[in-house]
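Protein chains in written order, with this note's numbering: chain A, 1 to 514; chain B, 1001 to 1192.
Zero decoy hints are in this set.
Quick list of in silico lysine-lysine cross-link-like pairs, PhoX-like style, CA-CA up to 20 Å:
#1 A:Lys479 with B:Lys1121
#2 B:Lys1121 with A:Lys476
#3 A:Lys26 with A:Lys310
Source of the hints: derived by calculation from the structure; they are not laboratory data. In this text, all values refer to a predicted model and were calculated from it rather than measured experimentally.
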Amino acid sequence: MIKSFLNKLGFASARFAGGITPDMCKWTESSAIEDCPLPPLFIVPIKQHIGQACTPLVQIGDLVLRGQKIAKSEGYLSVPIHAPTSGKVIKIEEHAIPHPSGMGLTSIFIEPDGKDVRDTSLIPMDNWQAIDPAELRERVRLCGITGLGGAAFPTFIKLLKDKRNPIETVILNGVECEPFLTNDHRLMLEHSDEIMHGLQIIMHMVGAKKAIIAIEDNKSDAVNAMQQAVSSTGNDAISVASLPTRYPQGGEKQLIESLTGKQVPAGKLPMHIGVLCQNVGTVKAIDDAVMLGHAITDRIITVSGDAAPKPANMRVRLGTPMRFIYAQCGLENFDGIQILHGGPMMGERMRHPDIPVIKSSTGLLAIRDTRMKAVHQVEDPCIRCGHCSEVCPISLVPNLLADHCRNDQLEKAADYDLFDCIECGACSYVCPSHIPLVHYFRYGKGQTAQVRREQSFAEASRLRSESRDARLQREKDEKAAKRRKVRDTLRSESVLNPDNNSAPKSTTKTEGKE
Amino acid sequence: MEQLLYATLSLGAFALIAGIVLAIASKVFHIEGDPLSDKIDALLPQTQCGQCGFPGCRPYANAVAGGEADVNHCVPGGERTMLSIADLMGVEPKALEEEESVPVVAFVREDECIGCTLCIKACPVDAIIGAPKQYHTVVADHCTGCVLCLEPCPVDCIDMIQKPELLEHWSWPLPDTERAQLGAERRESHHD
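Isolated chain B, as found in the complex (with noise of 0.2 Å):
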């Protein structure tokens, strides 16, 4: 009986310890916000499209983060993107739910912009430059494709084109020896 209350007392103390410095800890390590969706933020490509049905890329973070959002949503990021998201959330890959896209960016035709600045207003990363009654263009180097420009221009004038291949920016493909292209291969079809 007595075995029985020193062991009973010494674990309640020990919990109670335990209990304490815990408690410390948490005030004194306590971070600010959500690291994970802040985690999930960096891996997405910041185009602000709202493709993945949320209002940004931070929202569809939180989103993740939160478990309310699959990790194949985004579109613009690509596989590579919900690869590093499915990895870093420790979920199985998913297909795409829609084709990736060549990289496009916005293009004013000037000649017919009547200067409303609809689309300046619309702009997510403020790429588009213009004032009312003047002609507007857009920023091709801060573009990212997100398209919200189009539909709320009255005429129309916003063309999406590809993005120009730059001779800095050339890789070299993979050697087209068959055991690179196989591999190559392989990959695809593992991930569908």
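Here chain A stands alone, though its shape is the one from the complex (with noise of 0.2 Å):
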């Protein structure tokens, strides 16, 4: 309250509680934007999102053209899978995809042809003031497009122009406050007119009057081409802010909480407090579906860390197998060296190279073991310091909460908000005993979910036995009713006809038995 009334004066600078500064290692960002070329073979896993898994379209020995959809969605939160090139379907099978668990899923393998043609089938709508939301809206979901920050949601259902939710503001996330990435910070100096572009369609998309492009100071070039970009169009809705470098300040409710002052309420989303929030790859993605019609085929990867000898920013065509990608940066051999697929905070540790990028894989890091053990190996007793809440962004307890997950005490880690969580990492990377507090929360999380899950199959057992229970006995009732009635048909009978003895007898009989 006091923050925010202090923000409004001018005397503070918004900021979000806690965070973390640390070694930003952005080495790759002054290379420029390299095309990675086509690998031998992709492998497209039907769900890049996060949501239900799509249904292949595509047959073994198909031709596809490039940006042709191969797999539709199922569900309203989930969105089609395009081809990343032209070429044959060879085959549909289960594949590694870029999971903690190394688990597969079925992937379509495509061999492309080398010709590279684009399927032309959506039109360009170059008169976009002009469409309908609607329709805009549907041309973002058909192209397959996810938010590209690394989370993969869905964007079209986040561009909802909703008269109980009007959106105010767009917040365009270029922060990037994960060390080693890169991408997005080359997408804003190579490509600041589309994403303006994108921007604008996004504004009319939703309604809204005023825009924030947020970057964090580190990326001062950046700050200076899209404000170049801005002032080339005249809108003086949409404003640049240079934020001073800090992590997580690119989580989307930390950025809002920078910028606005405001908190988005746990368990409710940034368009519930009228903002839109959307990553800078996203608004290229969206202008190219509409100014192109062209279906998202692939997307910009950093390629870094201390094993990587020729670490890169690159166009890369999703679908394509990590160990091409590593190849083109020199790297062969992963003797003794991590794949971690995302930034070093919240990326996850890939067992093996042979695994497709897909829609969320912000960056590709190849880091040392000597690198990677000297953390987290030894776990020491917590000494209390209570560093751990002071970086939490959340402003939650970390200590506390992984002792509950630790012992298995989910109620109470519920309690303690382990779902309003965002798995920023910033309290492991603090602590001084080595705690790797995150994963006990992915633990604690995990664990919740399953009894969770288990209670509604329970529940939904109970309900089919009872009314299973109730068939049966209905049916015994109906029986029973049956007979009584082809009963009584037989005693009025006897009544009628007097001298046949023979059917009263044998009612009498029943009767007396019950």
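Take the two lone chains and join them into the complex the hints point to.
Dropping the structure here:
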């Protein structure tokens, strides 16, 4: 309250709670985006977003074009999957995907024909100002666009013009607070006009009056580039904000707090406080979808780490195996090297490099074992220093939460708002006892989900069992009623024909029995 | 003597009033059914498998609530269920009688099924579909793995197969630091 009031008066710069300033290691910030060549084989998983998996639309032997829909979305929380290049479908089978479990998912294997011919069935919508937002939204869905900042949430869902939750401010997220990653930075430098154009399309779609482009101050060239792009449009509703560098400022809720001083309530979404947050890469993809009719088939990935001989920013087709991408950067032998999918703070360790990149792949890191093992090898007891609480951007109490998770006290952990944790890793980073706090939270969240799933299955089974019992009882009652009816008819017949003695006798017998 | 009389009378009057209030309250706040057995029933996995020796989850819940059965008879519920029932009943946890088993679902080998409908009648949760002289099949999403369909099948064409591990249901294991594993071990030895 006081904080937001001070912000309004301009006495205090808004900032989210906690946060850390790790060594940013942005080694690739001055390397221009290179095009990664086509690999000999694409592996396209049928799910690359948060939500339901898609159903393949192609069969083995089919010829596909770049951008052709090869798997259709199932349910609301889903977007279709497109072919990354033109070529032939050679098999459809399970293959490892970028997931911490190392488990596989049905994937479509495409052998490129080298011609890279595009599917042109989607017509460009040059006159987007005159097009209904709902139609543009359907275009964004059809082009398979998800949030490219790492979470891969289907974008069209957020682009809803809703009277109950009107969007006032669009925040363009160019913060890129994860160390090593520079893909958004390069994108803002090299494609500032497309991003600006995409932003105006989004503002038209949701009817927002204001837009803020948020960039951390370690990317001053990107700030300048975006400022130039803004002034060239002459739209004074759009402003560029340069924020002090701090992790995890790029988190949606943290960024909103930094810029507006408002917090997104627990369990609510930014749209509930009139804000829409989009990553710069996503906005570029939206611009391509609307202005060119291009479905999403590539993304920009930073390949870096101390084990990568030639770190680079690359435009990579979705479905390219990681091994092929690392090879472009001169890394071929993976002995003693850990592969991270994503940034060093929130990224996940991959077990082997024969995994394709997907829409959520922001970066590929190769870190030497010697460097990784220094942390979190031995967990010492908590010394109650309180650093974890100080840096937590959600103001949780990580050490207490970790104790509850470690001891399977799941309800207590939930009481201490385990599910508000964004798993940013700031607590694990500062812990002097090397407690893998976030790992405990992930364990606790998984166990809680498991318990909830079992409970809902048990509840469904109970209902099925009860309705079965009720049905059996009803059938029994119906049978009894039928028998009674037959008996009554027989009795009334015997009353009508008193000469016939056999029927009444049998009825009295049954009656006697009952 | 007079004091004694007053004391007796006033105490008697209080007792009478309290009695009337209690009598009314018991009528007004009367609860149908047994709330304790409802609570226990909610903790049970509802497989309706009968492995506890009672014909379903509700009868077992009633028996535990009535003090006729121990808290450790639910096999599919495993340790977690036993602990939560013991906690609810305020009794000491007891070791499980049988080993916890991996979750399974029934699977009908359709080429061998003769369509006798006996398994359909046996299924406590209506998870098997089919008609006389037609192949039957198990709706795996509804099957509780109670194995009650195995015994009535005259041609033994039903297998219990392990539930497939789903990517969406995967969850992070405990960290592999010594302290985390130590905690898990200590927890296990505590219950044994």
